[in-house]
Amino acid sequence: EDQVTQSPEALRLQEGESSSLNCSYTVSGLRGLFWYRQDPGKGPEFLFTLYSAGEEKEKERLKATLTKKESFLHITAPKPEDSATYLCAVIGNSGGYQKVTFGIGTKLQVIP
Amino acid sequence: NAGVTQTPKFQVLKTGQSMTLQCAQDMNHEYMSWYRQDPGMGLRLIHYSVGAGITDQGEVPNGYNVSRSTTEDFPLRLLSAAPSQTSVYFCASTKDRTGGPSPLHFGNGTRLTVT
Numbered sequence: 014e015d016q017v018t019q020s021p022e023a024l025r026l027q028e029g030e031s032s033s034l035n036c037s038y039t040v041s042g043l044r045g046l047f048w049y050r051q052d053p054g055k056g057p058e059f060l061f062t063l064y065s066a067g068e069e070k071e072k073e074r075l076k077a078t079l080t081k082k083e084s085f086l087h088i089t090a091p092k093p094e095d096s097a098t099y100l101c102a103v104i105g106n107s108g109g110y111q112k113v114t115f116g117i118g119t120k121l122q123v124i125p
Numbered sequence: 004n005a006g007v008t009q010t011p012k013f014q015v016l017k018t019g020q021s022m023t024l025q026c027a028q029d030m031n032h033e034y035m036s037w038y039r040q041d042p043g044m045g046l047r048l049i050h051y052s053v054g055a056g057i058t059d060q061g062e063v064p065n066g067y068n069v070s071r072s073t074t075e076d077f078p079l080r081l082l083s084a085a086p087s088q089t090s091v092y093f094c095a096s097t098k099d100r101t102g103g104p105s106p107l108h109f110g111n112g113t114r115l116t117v118t
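Protein chains in written order, with our numbering: chain S, 14 to 125; chain D, 4 to 118.
Restraint-style ranges between C-beta atoms, simulated for each label pair:
#1 S:30 with D:83: 47 to 55 Å
#2 D:41 with S:35: 21 to 29 Å
#3 S:25 with D:82: 41 to 49 Å
#4 S:90 with D:83: 48 to 56 Å
#5 S:68 with D:17: 46 to 54 Å
#6 D:6 with S:73: 17 to 25 Å
#7 S:92 with D:70: 40 to 48 Å
#8 S:33 with D:70: 39 to 47 Å
#9 D:6 with S:30: 30 to 38 Å
#10 D:6 with S:70: 20 to 28 Å
#11 D:116 with S:82: 33 to 41 Å
#12 D:99 with S:90: 32 to 40 Å
In short, the hints are calculated from the structure, not lab data.
Remember, it's a predicted structure, so these values are computed and weren't measured experimentally.
No residue lacks a Cβ here, since even glycine has one placed at the ideal position from N, Cα and C.
Assemble the whole structure, with the sequences as input and the hints as a guide.
Below, the structure is given as structure tokens:
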């Protein structure tokens, strides 16, 4: 059974204080790992897809990296508007349909 | 583009009542799905569809029905609401039916309370 574990559950940063969120996964044949951002009262919003170990993607202050066992979402010099819950999800070889396994998320609060 | 639109945003039901959560997308996506999100748990798949006329069960299908008569619409029916169905429900779609991984596009959810 595919599993996704995110840590920490909550993270409080001062504005400008860089940090990383962790996503550890167990999946049978990784086809893709996703990062989403979810604001309160909204649906998850897609950030990145990573397909293979060693891959990296960047968007503004966010950088996602992938190894064979985990992914990191690095946040450089965060701003208050980066406050949100960040979700990690994986797709494995499940026999032909989009079986996506989500983690519980990391709730990030950036304080001015 | 509106993307994925869900209605209503909020709903309160009494135990035993039935209702339909609406979901529509304007991106011509073949794949559509319903998730529920509960505190302390990741998003869990209820039902999904890979095209008009085709639906299948996800991880937690009991108590829910779906149909897909058009590419655009994918309603979720609660047959007889129970307090355990109190949750936030998200509809999501993506362009790939079963092939290479593509990101899901989510609606903004329906917050359902069953008393």
